[in-house]
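Peer 1: Using the hints provided, position chain A relative to the given structure of chain L.
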Amino acid sequence: GAVVSQHPSWVICKSGTSVKIECRSLDFQATTMFWYRQFPKQSLMLMATSNEGSKATYEQGVEKDKFLINHASLTLSTLTVTSAHPEDSSFYICSARPHRRSNQPQHFGDGTRLSIL
Amino acid sequence: GNSVTQMEGPVTLSEEAFLTINCTYTATGYPSLFWYVQYPGEGLQLLLKATKADDKGSNKGFEATYRKETTSFHLEKGSVQVSDSAVYFCALVLYNQGGKLIFGQGTELSVKP
Chain L
1 GAVVSQHPSW VICKSGTSVK IECRSLDFQA TTMFWYRQFP KQSLMLMATS
51 NEGSKATYEQ GVEKDKFLIN HASLTLSTLT VTSAHPEDSS FYICSARPHR
101 RSNQPQHFGD GTRLSIL
Chain A
1 GNSVTQMEGP VTLSEEAFLT INCTYTATGY PSLFWYVQYP GEGLQLLLKA
51 TKADDKGSNK GFEATYRKET TSFHLEKGSV QVSDSAVYFC ALVLYNQGGK
101 LIFGQGTELS VKP
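Same order as they appear, the protein sequences are chains L and A. When we follow the working numbering, the leftmost residue of the first sequence carries the number 1, and every step to the right adds one. When we follow the working numbering, the leftmost residue of the second sequence carries the number 1, and every step to the right adds one.
For reference, chain L alone in the conformation it holds in the complex (with noise of 0.2 Å):
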């Protein structure tokens, strides 16, 4: 149980596209999901939490601008990387945590490499 698919896993595109990730929790609902990158050999630098409803909450540092985020169901949030350049290149996880069970832990994705030419 407690399944998180984020699709898709690979993308490559050129500079200037917007590229879009999906994050969906397949066998429970998830009021809050969480939006991660990881460079290589680094650990996970939360981006922004998202909550279903409402607007998503960035870390500092962290251009809501640039980096969109949807959380238009208790399954599924997206997070979107608008006028995608080589720098955003990097790996993207999202976690989801189970709704109405705050204190239960967070189940990540497999992550998503991004890499923009």
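Rather than coming from a laboratory, the hints here were simulated on the basis of the structure. Mixed in with the good hints, there may be bad ones.
Examples of chain L residues lying across from chain A (beta carbon under 8 Å, computed) [unchecked claim]:
#1 P40
#2 R97
#3 H99
#4 P105
#5 Q106
#6 F108
#7 D110
Using N, Cα and C, we set each Cβ at its ideal position, and we do this for glycine too.
Peer 2: Showing chain A alone in chain L's frame:
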């Protein structure tokens, strides 16, 4: 503030060796503690957890005990396998502070046959 510190890697061991990865934390409240494992090119998988002092989390031969007096949550395994090669992250969460996970820097483990 709240933070997690892990021993630096990479850690290289022979198969069947004993593993310890140190993790210490600082927290302003009463955190829950976790170990996550990340295999190459994948996301994180929860390995084990402990929610209060003296709790022992265990899974797949790995163990960690929540030590409040030393603010530690060291990961141990008695006999590692090649398949245990991965990056291990220690993390804490304070559910009364928004539930954000705070990660250590990760420790890469390489097990040789």
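Peer 1: Is the interface hint satisfied for R97(L)? The criterion is a beta-carbon contact with chain A at less than 8 Å.
Peer 2: Given a least distance of 6 Å, the restraint on R97(L) holds.
Peer 1: Q106(L) was flagged as interface toward chain A. Is the shortest Cβ-Cβ separation under 8 Å?
Peer 2: holds (6 Å)
Peer 1: Min Cβ distance, F108(L) to chain A: is it shorter than 8 Å?
Peer 2: holds (4 Å)
Peer 1: Please check whether P40(L) passes as an interface residue: C-beta within 8 Å of a C-beta belonging to chain A.
Peer 2: Hint on P40(L): violated, closest Cβ of chain A at ~11 Å, above 8 Å.
Peer 1: Checking hints one by one. Is H99(L) an interface residue toward chain A, by the C-beta closer than 8 Å rule?
Peer 2: violated (13 Å)
Peer 1: Under 8 Å is the threshold here; is the Cβ of D110(L) close enough to any Cβ of chain A for the hint to stand?
Peer 2: holds (4 Å)
Peer 1: Let me know if the C-beta of P105(L) comes in closer than 8 Å to any C-beta of chain A, holds or violated.
Peer 2: holds (5 Å)
Hint check: violations occur at hints 1 and 3; the rest are consistent with the structure.
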